Amino acid sequence: MNKARSAAFPYILWSVLFTVLPLLLVAYFAFTNGSGTFTLDNFANLGEYTAVFVRSLLLALISTLLCFMIGYPLAYILSRESARRQQIMIMLVMLPMWMNFLLRTYAWLTILENNGLINRLLEFLGFAPLHMINTQGAVVLGMVYNYLPYMILPIYTVLIKLDYRLIEAAHDLGANPAKTFFRVVVPLSMPGVSSGITMVFMPAVSTFIISKMLGGGSSLMVGDLIEMQFLGNAYDPNLGAAISLVMMVIILISMLLMGFFDSEDKAVIM
Amino acid sequence: MDVISLRNISISFDGEPVLKSISLNIRDKEFITLLGPSGCGKTTTLRIIGGFTKPDRGDVFFDGQRINGLPPYKRHVNTVFQRYALFPHLNVFENIAFGLRITKTPEKVVRQKVGEMLSLVNLSGFEKRQSGALSGGQQQRVAIARALINKPRVLLLDEPLGALDLKLRKEMQGELKNIQKRSGITFIYVTHDQEEALTMSDTVVVMNAGEILQVGTPEDIYNEPRNAFVADFIGESNIIPGVMPADFAVDFCGGRFECVDKGFEKDEPVDIVLRPEDLTLIEAGNARIHGVVRSVTFKGVHYEIIIEGMGCMWTVHSTDYAAVGTEAGLEFEPFDIHIMHKS
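Chains as they are written, first to last, in this note's numbering: chain X, 1 to 270; chain Y, 1001 to 1343.
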């Protein structure tokens, strides 16, 4: 027991140095001004960024929902395939993740641009060009594209472990494939769904590079706002820290809500 | 009246034949057991009746109608699965109610029927328990209640008592038999436990290597095994090679014995079965079968005595004691001799 505990020491050191300490620093910056005295001004000024917060949450929610709507059926189909085909298909799902995140997003830029691939194709076919780049739609597309594997994989992992005899038992008791799916498969895959939602929603709500590259200035998100306070021309680390802190609280509340709905869900099925 | 008929069912898995053209008629309201060693095809037979496995060849009839292509959820058959397969996300009540929920039964009816089922399997008061928090025997009973609530014509049971300890198994055997009698549902029961098969069944089907060897009442199967495999699988037996020189006579161990069997070809080689409990220990001196006692094991009600003599090892169940190393003789009556065709 003691040996096992001392084995955790490197991690404890790590998390104190790189998680707890930075968090305390963020809190310190958030509650002080440039000269180091205590103030709540940083939070008082956040009101003017409400639109950014709302937009971030909304776009992240839409992206998460789309990821779920695309990812769940795909994970389900994947889990029904033969072992060989599963391997190949999982490879295809993971393949984009091997490429650099910036590069992937940049590729979308060249596809969606006003004189990008799609528009040139449309022009060639004699259609009017579409305005796609620098829209919120482009941001959502970028997030769905980038985060989809994080939705598929946890759901897929739960689905392949699903005991096939339970599906046979449902068939045996008169449930056709659709009823079996909604009464047995879906409830039993909820753990995968909730971790999938977590793994998509969290990075989506705080993303900055996707919105910057595909959304232009029109779709400023919280992540961009924070970046601007530290690296941009609006340099104000204290405000940046305050925004980060509020963002953390928002994510925390979302996660708690998720957990609440999750158990609510189970209670209804029970 | 046959509720289920199998006609020339064959199936192979990966080129390995699992069922070799079996045919079987199952009467309405009977308790029929498919008995055989593991890998004999009994579970596959059950899965074909349930609709989970499609036979390569042959037909399945239900009430005289061919149901080959009918999926499991359209068959009036329910299954108690090996290791139960209870839904882990549902409590006891909802596990049992599953079949009724599928048909959108009104809540009031559901409550009443699940209540009836719970009392049938002695689990009243367990409604809110999660299936994972139940003992093996309790899970077993939930699985039975869940399968019975749809009032199937036929209930399939795949080694349902396999995971229970001996005492519980005996209890559940009695309960299952009672449930079957009261409900009037046909039970098709799969087991490799010959004692279970004999105590519970109206009809026993002995299977081996994808074939049906014998179908009959437990008494028939035990007393008149058709071949050495059945005799050996059903209870302990001494199987001795011999020859039938004429009706009512059989030669083995260098002597001619009177028996009650007839209808064999002249000088047909046969297997002779002598059950250990039918053999009586006597003085070695005037016995036609005699030998040396090799081992004695106390079994509770009787001793199991192994005697080596006349070119065979004889297993005897006797309440008399015989010391190891002593000479002993064996005696039996003509009707104790069961003659079987060589298989």
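Be aware that one or more of the hints could be misleading.
[To be verified] Just some of the chain Y residues that point at chain X, by a computed CB distance under 10 Å:
no., residue
1, 1052
2, 1081
3, 1083
4, 1084
5, 1099
6, 1134
[Unchecked claim] Below 25 Å or equal to it, Euclidean Cα-Cα: the simulated DSS-like pairs (lysine-lysine) are:
no., chain 1, residue 1, chain 2, residue 2
7, X, 179, Y, 1167
8, X, 179, Y, 1054
9, Y, 1151, Y, 1167
10, Y, 1170, X, 179
11, X, 179, Y, 1113
12, Y, 1074, Y, 1170
13, Y, 1151, Y, 1181
14, X, 179, Y, 1108
15, X, 179, Y, 1104
16, X, 179, Y, 1074
17, Y, 1299, Y, 1266
18, Y, 1113, Y, 1074
Please keep in mind that the hints were generated in silico from the structure rather than gathered at the bench.
As the structure is a prediction and not an experimental result, all values here were calculated from the model.
Idealized CB from N, CA, C, for every residue including glycine.
Hint by hint, here is what the structure shows:
Checking residue 1052 of chain Y against chain X: minimum C-beta separation of about 6 Å stays under 10 Å; hint holds. At a threshold of 10 Å, the smallest CB-CB gap from residue 1081 of chain Y to chain X is about 6 Å, leaving the interface hint in force. The beta carbon of residue 1083 of chain Y comes within 8 Å of a beta carbon in chain X, closer than 10 Å, and the hint placing it at the interface holds. Annotation: residue 1084 of chain Y was flagged as interfacial toward chain X, and the flag holds, the nearest CB pair being 9 Å apart, inside 10 Å.
Contact between residue 1099 of chain Y and chain X, as hinted, is supported at the beta carbon level, the nearest pair being about 4 Å apart and thus within 10 Å. A cut of 10 Å between beta carbons decides the hint on residue 1134 of chain Y: the least distance to chain X is about 15 Å, and the hint is violated. Between the alpha carbons of residue 179 of chain X and residue 1167 of chain Y the distance comes to roughly 39 Å, so the proposed pair goes past 25 Å and is violated. About 22 Å separates the Cα atoms of residue 179 of chain X and residue 1054 of chain Y, which keeps this hinted pair within 25 Å; it holds.
Proximity of residue 1151 of chain Y to residue 1167 of chain Y is assessed by CA-CA distance (about 29 Å); at most 25 Å being required, the pair is judged violated. The straight-line distance between the Cα atoms of residue 1170 of chain Y and residue 179 of chain X is roughly 37 Å, outside the 25 Å bound, and the hint therefore fails. Proximity of residue 179 of chain X to residue 1113 of chain Y is assessed by CA-CA distance (about 21 Å); at most 25 Å being required, the pair is judged to hold. Distance restraint check for residue 1074 of chain Y and residue 1170 of chain Y: the Cα-Cα separation of roughly 33 Å exceeds the 25 Å cut-off, and the hinted pair is therefore not satisfied.
At roughly 14 Å between alpha-carbon atoms, residue 1151 of chain Y and residue 1181 of chain Y fall within 25 Å of each other, so this suggested pair holds. For the suggested pair residue 179 of chain X and residue 1108 of chain Y, the alpha carbons sit about 22 Å apart, so the restraint of at most 25 Å is met. Using a Cα cut-off of 25 Å, the hinted pair residue 179 of chain X and residue 1104 of chain Y holds, with the two alpha carbons roughly 11 Å apart. Straight-line distance between C-alpha atoms of residue 179 of chain X and residue 1074 of chain Y comes to about 13 Å, which keeps the hinted pair within the 25 Å bound.
For the suggested pair residue 1299 of chain Y and residue 1266 of chain Y, the alpha carbons sit about 41 Å apart, so the restraint of at most 25 Å is broken. Our distance criterion of 25 Å between C-alpha atoms is met by residue 1113 of chain Y and residue 1074 of chain Y, whose separation comes to about 21 Å.
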